[in-house]
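Asks: Single-letter residue listing:
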Amino acid sequence: MIIRMLLVASALGILVLILRGSGSARQTALRRLAGTAFTLAWITAVLAPDAVTRLAKLVGVGRGADLVLYALVVVVLALAVGVHQRLVRMEERISALVREIAIRDAQKQTGQGEFRAPESHHA
Amino acid sequence: MTETVCAVIPMFNEGTVLHGVLAGLLPHVDEVICIDDGSTDGSQDLAVRAGATVLRHSVNLGQGAALQTGFDYVMHHTTHQHVITFDADGQHRPEDAIVMLNTAREQHLDVVLGTRIRAGTAIPRTRRLIQRGALWFSRRTTGLALTDTHNGLRVLSRLAVSGLRITQPGMAHASELEAGIARLGLTWVEVPVSIMYDAYSLSKGQSNINAVNVVYDLAIARLRAVT
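So the protein lines, in turn, are chains A and B. Using the working numbering, the letters of the first sequence correspond one by one to residues 1 to 123. Using the working numbering, the letters of the second sequence correspond one by one to residues 1 to 227.
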């Protein structure tokens, strides 16, 4: 049935999103397009429920509501993946910042430390 | 010009044992670089007074990130030719580190890794079972046939440090290092070391359930690498 092919294709699409990883202007644009398309589809579904039922039957789903549900699952998964990736990128940026501060503020004892005199081998 | 060596020690709230660790290590190396990963017990002051160079992460990032901070510091602010990675919890012995350093120098190796696998070393049973699983997985994923894949005691040449990069902030960094060693084709050897397990260090060690996270992080990184 068509709906199965569509759902499998969308799952693979989300997998590609996972594997591709980090964001870019292109991903932002794709996300915006998808968001807009979904919003328009949702408005259409609300205003013309018969259209949804016809579409559902076309792809092999019994009811319009079921089709909406399937689509919702796909969208939620894609969103979750996107959020996770943004968090990972944010962690990387924080790490770089913290590291820079740590190195810049390096502390050494002036003179003799408790166990040996620190010698300077610094560039 | 004499070749110098430094030790890189990531630390997080190890104030109770740090003094002993530094006392044992400082006399044998030219510099000890402690990376304080957001400790709240004031151990950074202890380390500075003992004679170590201290870099402080203002927030806790993880042991992997702390090691990389140490590596960056060594490469950009020192001229040391070898780096010893050493744990702050008292499990590693300075004597083993020196043996490994001499091995690296005499045999001109990029990497010397410590291994617990040797007759007579005592490892708690549950931990050994988990290690076997991790060992098999890492051999498959990193390409390095190691007998001990999560040993924090290593000696790295300056060349090795310059080529390696840790991006996994947490405990998957050990496997990431190994994959990097394999990828760069660095020369390496394993040397038997003794790990001092006591109640303190065992309580601070990785919880076994964390193996789930390590496996997951590595699998994702591996997937990314092939796409």
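Certain hints may be false.
[Unchecked claim] Okay, the calculated bits of chain A under chain B, using three or more residues with CB under 8 Å as the criterion:
(1) 88–97
(2) 101–107
[What the hints assert, rightly or not] Derived Cβ-Cβ restraints for the label pairs, each shown as a range:
(3) A:T28 with B:A182: 34 to 42 Å
(4) A:R26 with B:A23: 25 to 33 Å
(5) A:L12 with B:D198: 27 to 35 Å
(6) A:A25 with B:G20: 48 to 56 Å
(7) B:T187 with A:Q112: 33 to 41 Å
(8) A:A65 with B:G163: 53 to 61 Å
(9) B:N102 with A:Q112: 39 to 47 Å
Just so you know, the hints here were simulated from the structure itself, not pulled from any lab data. Backbone N, C-alpha and C fix where the C-beta goes; we use that ideal spot for every residue, glycine too.
Asks: Please list, smallest to largest, the hint numbers that this structure does not respect.
Replies: Of the numbered hints, 4, 5 and 9 do not hold.
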